[in-house]
Amino acid sequence: MGLFIVRRFVAAVLVMFAISVLVFLIFFATPGVDPAARIAGRSATPQILAQVRHAFGLDRPLPIRYLLMMDHLFIKQDLSSYVNIGDRVVPQILNAAPVTLSLIFGAAVIWLLVGIAGGVVAAANRGKIIDPIITFLGIGAISVPAYWLGEVVLYFTQSKLHSSVFSWAPGSGYVPLTQNPGEWALHLLFPWLTLASLYAGIYARVLRAELVNALNEDYVRTARAKGLSERRILMRHALRCSLITVVTLFGLDVGALVGGAALLTEVVFGLPGVGLLTFNALENLDLPVIMGAVLYGAFFVVLANAVVDIAYAFLDPRVRLV
Amino acid sequence: MTDSSVTSTAKSARGPESPWRSSLRQLWRNRPAIIGFFVFLVVVAVCLCAPLYAHYVAHENPFTSNIQGTFRLHGRTIHVLQQNTQGTGLGVTPIGPTWDFSHYFLGADNQGRDVFARLLYGGRTSLLIGTSSALICCAVAAVLGVVAGYFGGPIDWVLSRIFDIIWAFPIYLLAISLSVVLLTTGIQFGPIHVGAGSLLVPILIIASIYVPYVARPLRGIVISLREREFIQSAIGSGASDTRILLKEILPNVAPSIIVFLPLMVAFNLLTESALSFLSIGVQPPAASWGTIINDGLGLLYTRPAVAIAPGIMIAITAISLNILGDGARDAFDPKAKLRGSV
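Protein chains in written order, with this note's numbering: chain A, 1 to 322; chain B, 1001 to 1342.
Isolated chain B (complex conformation):
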């Protein structure tokens, strides 16, 4: 940079730059990470436009079946489900991609529903589950990890054993077991009641199974922080636990949480799609990218777009989040490590 001398003098006049500002500046300079961030924002923005697209452009309701439906394309009337001409001539096949943005852009599924509109709606659900479960997971894990690491003793022992058990559990089997049971009954926990078909069921399941994956590294960080001079001096000067936790510990674990967050969103998005694919995640009539891949299974050899398109969306979203997460790690906390990721 040509103006480095100018900025360095300006910096020294203002005193040293805060670590947050310098980390953010480093992240901003990491082009791939910023591109990943904007790709993610674009995916979110496009999916949020789902109702607008369905209502104003496609004029379709992608949640009701449209088996008898017809539409006009290039002056011809076309049936959404077409009589088979090959083989026995029995049965119907939904139309494939028209590549016409306002009419069944990616074709229809076997109930005659617009796949592109469903893809956008499904994206809203998948992103909602991915981000909210990651936020809940990181928040709960931060509280548990910090409490276990800071207070130690019996609290730490109990929490660590709980983490050990969940950690040792085959993670997909745990998610699947919980989903199978809770989808039929809903969640009843004291006064809290969540209905059986609610989106909160997969959100809470996915959030809770990954808590140890975030809480364990955070606990380790807090244990090593506790031995540092500035914490010891705060304890020595009689500061309350609350004050130490909020003013000294939290600012020092926050960078790790920031690093984990985008990686967890990607993780949870993939988990949600796998559960929905096994039809034990998001329940109909709601759609998510995983359920659309499941819808497309029966059409894989005739209308592959139905199953392939949502997977591409999942991959784009997860890749952008992983690149963003890598950049955030380099900028905020180069040593942060999640199990299963790098």
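With the rest of the complex left out, here is chain A:
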């Protein structure tokens, strides 16, 4: 088990390295892309371009530039933006991270509650009308574009029904938890619900499928033969086993969300998290910020993958042999 964990983490570090190289190559080595031209502006003369190249170290060979960038990003931590000269990348990301984490934390609570309840209710009522209704709602939730749902929510809460039902709805923006917990929750309520709807749909569908499979297993038949109630079989036996899949999925999804999948929700609701930071940097092609944000995101995705694999190996010894 110890060896498995070590091997898994070595693999994770290698994947991180490969991702950093890939991002670097996308932005610095794609034919036709010239960061210097971006920095210098449209009407720069060749002399100015050469000066800019030299000042930003863009005239050095690619491997050196990669190493320099990693050195500034991770070791000196003084990598600064190409666009807003002087803005350090690392503090920007660290300032934005609590916003993203707040958004994901609240949404995760909602989608776990709704998703698990939906899956259990659907599986318990197979053959009744409520099961296909929940299934359809789940399909609907994964088929609606999340950013569009955010727009519709904004339209109803800020404009259409703002003078009647939703007069209490706050404008967009973010209030830190430490400053005012009530306002924090209120400002994040609609982003939470929007983000949670997609995942609640996925989780309800996954859990229903797992439960239906579990209910056909031998151990469930044994439990029935013992005379246990159907409710107890579902909640105590089938659900416990099926939740393993949900936990796995949850680890991966939270990793992906912290790593950037919440970008669209942040952009729509104007939440100054890592996603919005990345998006603004992308619009300006602000390469250091993009590198920092993407690597920050990849770190969480890779970490989540590794943790899920190790948790799996812990629960199921067969995996360790692979």
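In short, the hints are calculated from the structure, not lab data. Glycine included, each C-beta is placed from N, C-alpha and C at the ideal position. Check the hints yourself; a few may be wrong.
Footprint (simulated), chain A over chain B, 3 or more residues, beta carbon under 8 angstroms [said to hold, decoys possible]:
#	region
1	1178-1187
2	1219-1232
3	1267-1274
Using the hints, position chain B against chain A.
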């Protein structure tokens, strides 16, 4: 069924039914899946009629701005962009939905263009990108997944590591990074050159980022197939690799590919719309459902139809494809699983 005895005798006379026929029959019996299939066909057919609608019914060109335009409705002449009467009285607001099928059915956007006609044209683009990128993705993934699973060894190792890296990459960040760079430069790969504004740029980006999502499950299927007796006996009897791949492996992975296809179209449609919404997908003057939602952002509180209508179209299309995909899975390959879907 009352005539089951008749069909079963007829079946035994013809020998056992082929698995393809029985799967198709099972799919046909799945009413929601068939309804989903027909809804998708209707959406495709309606969107294909975009030029006919624009030319013969609306008499509009939805790609040129029409700021000074007027049209006649119920005997009155109406300006497409109307002077604001509220607030300072400055600025203009495009007309809202007229609900008259031949004149600005869903209103105009802030350049005076017919939103309904743009919705149909945008649907053509979105569906084209969604389906073609799903086809390219599944084809490439099928080749890579089968090759990796069948040959194993160093080929498998290299391909699997590439899949691992893309898999571990935050998928939207990868799509966004590639789009930002490739939209300005186009794609230059050996002799192949794709222009910067071309629809092929988003198609190829979306197709390539999802390859591991399809290739990895297919590789797993091929690895387990390789151990089965019929493949071992084919190898033992000296059949060539090409023959085994085409005659034995391919027919056995085809059902999984069929299951993945409609789900991937839905996935890719949503990805395209998200990229276009961030204005790094389809580039103007072309329109897609995502770009129209983006156009409608500034009008969200005055003319919400512009932003809301394309989202409803995306949702209808994705729901019908997901239901079809679920039905196809039940019929063809109940164990097939894509990451991120069920």
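Check your understanding: Mind checking, does the region 1267-1274 of chain B have 3 or more residues with a CB under 8 angstroms from chain A?
Key -> holds (count 3)
Point to revise | Coverage of the region 1219-1232 of chain B by chain A, judged on three or more residues with CB within 8 angstroms | key: Coverage by chain A is violated for the region 1219-1232 of chain B (0 residues, Cβ < 8 angstroms).
Exercise for review: With a C-beta cutoff of 8 angstroms, work out whether three or more residues of the region 1178-1187 of chain B approach chain A closely enough for the coverage to hold.
Suggested key: holds (count 7)
Of the numbered hints stated above, the single one contradicted by the structure is hint 2.
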